[in-house]
Structure formats: structure tokens, C-alpha cells
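**Q** If you want the building blocks of each chain, they are given just below.
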Amino acid sequence: MNNMPAILVLAPLFGAFFAGLAAWMQKQISYPIALAAMALSCFAAVSLLTDVIMSGTVEYRMAGWAPPMGIALRIDLLNAMVLVLISGIAFLNLVASVKNVEQEIPDRAPSFYVMYLLFVVGLLGVTATGDLFNLYVLIEITSLTSYTLIALGDKDRAPLAALNYIFIGVIGASFYLLGVGYLYITTGSLNMADVAGILTGIHGSTAVLTAFILCILGVWIKMALFPLHVWLPNAYAFAPVGFARVVAPLMTKVMVYVMVRLMVTVFGLEYIFETLHLADTVVWLAVIAILAGAFTALFQTDLKKMLAYIIVCEIGYMVGGAWLGNSLGMTGAILHILNDGLMTFALFLAVGNIIYMRKQAGFSHLSGLFAAMPWTMAGFVLAGLSIIGVPPFCGFFSKWYLVLGAFEAGAYHFAAALIISSLVCAVLFFKVFEICFFGSADTTPALHGPGMQQPSHDIHADGHAGAAADAGAGDHPRTAVMAEAPVSMLAALGLVSMAIIAAGVYAGTIVDTIILPFLQ
Amino acid sequence: MSDILPLIVAKYNYWLYIILMMIGLYAMIAKNNLMKKLVGMNIFQTAIILFYVSIGYKQGATLPIIQGGHGGHSARDAVIHAADYINPLPHVLMLTAIVVSVATFGVAMALCVRIYQRYQTLEEDELRMRVSEKNNP
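Going down the list, the protein sequences come from chains A and B. Everything in the first sequence is counted per this note's numbering, starting at 1 for the first residue and increasing by one. Everything in the second sequence is counted per this note's numbering, starting at 521 for the first residue and increasing by one.
If you are wondering where the hints come from, they were derived from the structure by calculation, not from laboratory data. Every value quoted in this text rests on a predicted model; they were computed, and no experiment measured them. Cβ atoms here follow ideal geometry from the backbone N, Cα and C, with glycine treated the same way. Check each hint, because a few of them may be wrong.
Have a look at the derived ranges for each label pair, beta carbon to beta carbon [to be verified]:
| no. | chain 1 | residue 1 | chain 2 | residue 2 | range |
| --- | --- | --- | --- | --- | --- |
| 1 | A | M25 | B | A602 | 10 to 20 Å |
| 2 | B | L536 | A | G494 | 51 to 61 Å |
| 3 | A | I501 | B | L536 | 50 to 60 Å |
In the DSS-like style, the derived pairs of lysine-lysine whose C-alpha atoms are separated by at most 25 Å in a straight line are [as the list claims (entries may be wrong)]:
| no. | chain 1 | residue 1 | chain 2 | residue 2 |
| --- | --- | --- | --- | --- |
| 4 | B | K578 | A | K305 |
| 5 | A | K155 | B | K578 |
| 6 | A | K27 | A | K155 |
| 7 | A | K305 | A | K431 |
| 8 | A | K155 | B | K556 |
| 9 | B | K578 | B | K654 |
| 10 | A | K359 | A | K305 |
| 11 | B | K654 | A | K359 |
| 12 | A | K359 | A | K99 |
| 13 | A | K359 | A | K155 |
| 14 | A | K27 | A | K99 |
| 15 | A | K431 | A | K99 |
Just chain A, same shape as in the assembly (with noise of 0.2 Å):
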């Protein structure tokens, strides 16, 4: 049997074990601890992708139980490519944050580390288990650490945004939970593929209505969809950073890859969209989602709350392309949960160098950041050119599949919607360039505290008055020290955006190869 499975989910589960064990002597040991242990786990995702590549779908027996009995770990095509993002992801941030978390929390790091892991277990167990009470409780364990780990931000105002999470987060957890019930007394299985099985014969029945609708309303709260995603924007916000960049491209994500897990696997496409006649209605939320999401990101002042609103946009476009009904739109959607991971996390992976040398990531604090800080400006511009769908990079070819997909289904509103959204992101994307670029640089970076606070002066009237003056005069004489974010950080944003093109490059790889093999 192939152990890589309880490895990937055991590995960072053990680690932080061990790594909260070691704290209680030498406090540097849990840093190593955690690393190496997701560096295993890593490893453990990768294997299982060539390996479902090569020759089929893993399922591991835990205890060695048989399904639908026994809980069973299922890799498939999806949920291999959604591990080794995951895994990915969580390593390369694990690397970057070290100085991140030195500076924002030096006295609780081993703690955070520990939650951190854990966070990690869930989200991976969430995307490689195949039963749906095994699922509640792993979506249960990334959301605790996620409150705990949020809750260590913000002095001021992080516990109150933990908080509402909490209180939202609940009811969305508690929802899945009573649709699996539903489930339950309608089929006497809690496995998936058993499930499916059974559904199959029933599918007038109104408890799987019932169920259906509770387990899917549960994970759109939890994955934030427009109405429901009033939690988002300040839980993100006032997280510490080295959490943030993880949860924000992940925990959504995860969330959807549930979504169409129950759509694909659970419930089956022909019950969505032949026997229930939800998926216009579906379609025009998402539409309503990304509208609201992307107007409402234009009105932030703080770089890391507008990420936040453009995260809420692109929960619409996977939403609104797994209910287009065609296997263009779904193709859109899962391609999409790849490169958006990539992206969100390349942006908010810069937003943490930004803060590392500035302490904030208000408007009024990224003046002269190109001179400053090149190499991560660089990463911003690719992942924020990305988002808006400029075609070498990934972003572009997920949102080519969802305009397709819309127009096969006639969804023409949906597809006014991608666009409207990608030129509402050129106009954020760029405002922030410009603030970047052609704010004046005149101050050194605050380095060294918060006495160096730099004095806060008016972007826009600095901003236009310097950009028309420096286009023409050309080099503006800018006193600017280079003060870049450290190797670590640079290189995790490195890696990251070479993942961005290389997705980019390679869409039509992954959607042959991964992505259309498992929608048939």
C-alpha cells in the first residue's frame, strides 16, 4: 500500500507535536522542527501527484479499515494538484515568515509555529479525505488554529475581527454538519464515493434538497461569497503577516475545492444541474460577488484590505464557473483555484516585505518603493498583472476558460462580469503602481522602529503632481536608499512568481493532464 498519504497529512501533525515539545527547552529547535516536517510533507504531496498521474487514483485505508466502513484518504487527480499547491504554498511561506514572525511576535514564535502546522494538517486533511464527518472535523481544525492565529495580529483590534470569525465561522461549520446529518438518514454512509453511489437512486428526494443546500450554504460561508463574506476583509487584515499570506490564498481555496468536491463527486453534476434548477440563480450571485467584491476593493486605503476584497472578487469567478454547467466553466474553476492560490499568495508574500521594512501597508507608506525595494515591487507587478489577466501568466488563461465557458452557456452576464472585474483590477493595480513609482521617495524607509515613522503626506495630490513632472523630466533626483527585504523572503517571491509564468505557460499541460482526465 502507498503510505504517502498518511505521510503528507502525519508529517506536519507529529511536527507540531514536537515542535511545541522542544519549545519547553530550547525555543530556536520548533523553527527547524516545523520546517523540516513540512518539507516532508511536501515531498510526500509531490510524489502522490506523479503517482496519480502515472497510474490512478490512492486511497489509503487508515488502520487499514476498508471503505465505507473504515475512513479512507482518496487522492485523486483534483485533490493531488490541490495538495501539492497547499503544501507548496505553506513551506515557502514557513520559510519567508521566519523574520516576519521575529519581528511582529518574538516572544509567542514557538506557539504560533505549532498552530501554524496544525493549520496546515487540516487543510490538507480537508483536501485529502474521502469521508464527509472526517471532512467537518478537519474544516473544524483549520478553522480553530485560524482564530487563534488571527488572534495574535493587531494588538487593538485583532481579537474583536477573531471573534466575529468566530461567531461566522460556526454557523458555516454548523450547517455542513447538519446537511451531512441529512445525508446520513438518507443513505447510512458517510463515505463519499459510497454516497455517491446511493444518491444516485434517490435523487427526488427532498433530505438530499435539504442536505445539499445546508452542506453547500456552509461552505460558501466558510469560503466567503459576497453576502457572506462580511468576516473576511478585517480577519485578513489584522492577522500577522506570516499567517495571512497562508490563509489568505489558502483557506478559500480549500473551500472551493470542497465546493466542486461535493458538486463532482457527492452529489454529481447531473443532480446540480438536471434535477434542481439553482444554477442561473448561482450564477447571478457569483456575478453579484465579483461586482461587489471589486468596486467595493476600489474604496480600500490599506494594500492588504484591497487584497482582501479582491480575494472576495475571485471566490465569484470559481463559484460562477462551477455552476456555469459546462465543462469549459469547470475546467475555468479548478484551473482558477491553482492560479489564484499562486497569485494571492505572490501578493500578499510582497505585502509582507512591504511591511517588514515599513511597518504598514497603507497607501500613504508605499512612496518610492520601486527604488526601495525592486525585487519585490517586481514580484508585486507580475502577480498584480496576473490578477488582471495579462496573457503570459496564469491568471489569464483560468479567466480565458470562464469567458468561454460563460459564452457556451449563455451566461453573458457572467462573462460582462470577468471582464468588468479584470479592467476594475487594471485601474486598482495600477493606482497602486503609480503611488509606488511616482510617490515621492525623499524619506528613508522606516527601518529602525516606530520612532522612524515616516511623516504621512497626500498621495494623490503627491502622486499626479510628481507623475506628469517625472514623465517628462526623466530621472527625478530620488535620495532613495535600496532597502530590500531579506534573501529569504525574495527568494520565496521568486519561486512564487516563476510558478506564475510556469502555470502560465503550461496551462494547457495541467488542464490535459490533470484537470479534464478527472471531469470524465
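Given the structure of chain A, go ahead and fit chain B onto it with the hints provided.
**A** This is chain B only, laid out in the frame that chain A set:
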């Protein structure tokens, strides 16, 4: 009216759990005090636990423990009817759910303590006022 009454009586466990759940949800939405909201959250989770416990029950059935089940004679000789035993699986699942809800409650209370230490109140309207005072002095 005559149709609804038997429906309520026959499926009273579902009605009860929904009423409990709505009480919890109401408290979470309408109450101003964070502690009261937390209690509402706990009622909400307990309602679902009760729902699961009730679906394992069968009329006239007993605990699923077979006398001398491990190698004893009676187990092999006697015919075992599933209808004689309640379904233990939902109950076992709820052990995990109880642990989850206790853990969530614990984390939430710890956060309440942190909030109280910083703002000296747990009333939501006062909190909102003090947070905005602190950020825009």
C-alpha cells in the same frame, strides 16, 4: 390544522432541534453582549448534537452491546436483529462534535478575555465606539 398536528407529533425531535437552533441563532444575531452571543452559539451547536443523537434512536431498542460478544456462545448462536439495537454511529460522531464545540467555546472565551482587558467592556455598541475612538483619535 388537522394535518399538521400529527406531523409535528410524529417528528417532534426535528421540531425541537430547529426551535433550539433558532433560539441560538437569535441570540447570536440580536444580543449586544459578546458573552450572550457565545451562549447563543453554544445553544446552536448543541441543537445539532441533539439532532444527531435523536436520529440514532429506535423504538424499543437497546444499547448495541452484545452479551458475550467476544467468543462467547450466545453471540454465535443467537440471531441478532439490527432492529433491537440503537444505531451507535451518530452518537460516536457527536463525541467529536462535542469536543469541537468545547474547543471553539474555549477559544472564543479566551478572545473575550483579551477584548475585555483592552477595552473594559463586552457590550458590542460600546466596543464599536471605543475601537473607532482608538483608530481615529
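**Q** Compare the distance between the alpha carbons of K27/A and K155/A with 25 Å, and conclude whether the hinted pair is satisfied.
**A** holds, 23 Å
**Q** Falls inside 51 to 61 Å, the C-beta gap from L536/B to G494/A?
**A** At roughly 58 Å between Cβ atoms, G494/A and L536/B fall inside 51 to 61 Å, so the hint holds.
**Q** Please work out if K359/A and K305/A have their alpha carbons no farther apart than 25 Å.
**A** Roughly 15 Å between the alpha carbons, so the hint for K359/A and K305/A holds.
**Q** Verify the CB-CB distance for M25/A and A602/B against the hinted window 10 to 20 Å.
**A** Check failed, 53 Å falls outside 10 to 20 Å.
**Q** If you draw a straight line from the CA of K359/A to the CA of K155/A, is it 25 Å or shorter?
**A** holds, 14 Å
**Q** Taken at face value, is the distance from the CA of K578/B to the CA of K155/A at most 25 Å?
**A** violated, 52 Å
**Q** Taking 25 Å as the top limit, are the C-alpha atoms of K27/A and K99/A close enough?
**A** Within the cut-off at roughly 15 Å; holds.
**Q** Taking 25 Å as the top limit, are the C-alpha atoms of K359/A and K99/A close enough?
**A** Satisfied, since the Cα-Cα distance of roughly 13 Å is no more than 25 Å.
**Q** Is 50 to 60 Å right for how far apart the beta carbons of I501/A and L536/B are?
**A** Given a distance of about 58 Å, which is inside 50 to 60 Å, the answer is holds.
**Q** Starting from K578/B, check that the Cα of K654/B is at most 25 Å away, please.
**A** This hinted pair is violated, its Cα atoms lying about 58 Å apart.
**Q** Going straight from one Cα to the other, do K155/A and K556/B come out at no more than 25 Å?
**A** Answer holds: K155/A to K556/B is near 23 Å, not above 25 Å.
**Q** Are the Cα positions of K578/B and K305/A separated by 25 Å at most?
**A** Distance of about 52 Å is beyond 25 Å: violated.
The structure fails hints 1, 4, 5, 9 and 15 (numbered hints given earlier, in ascending order).
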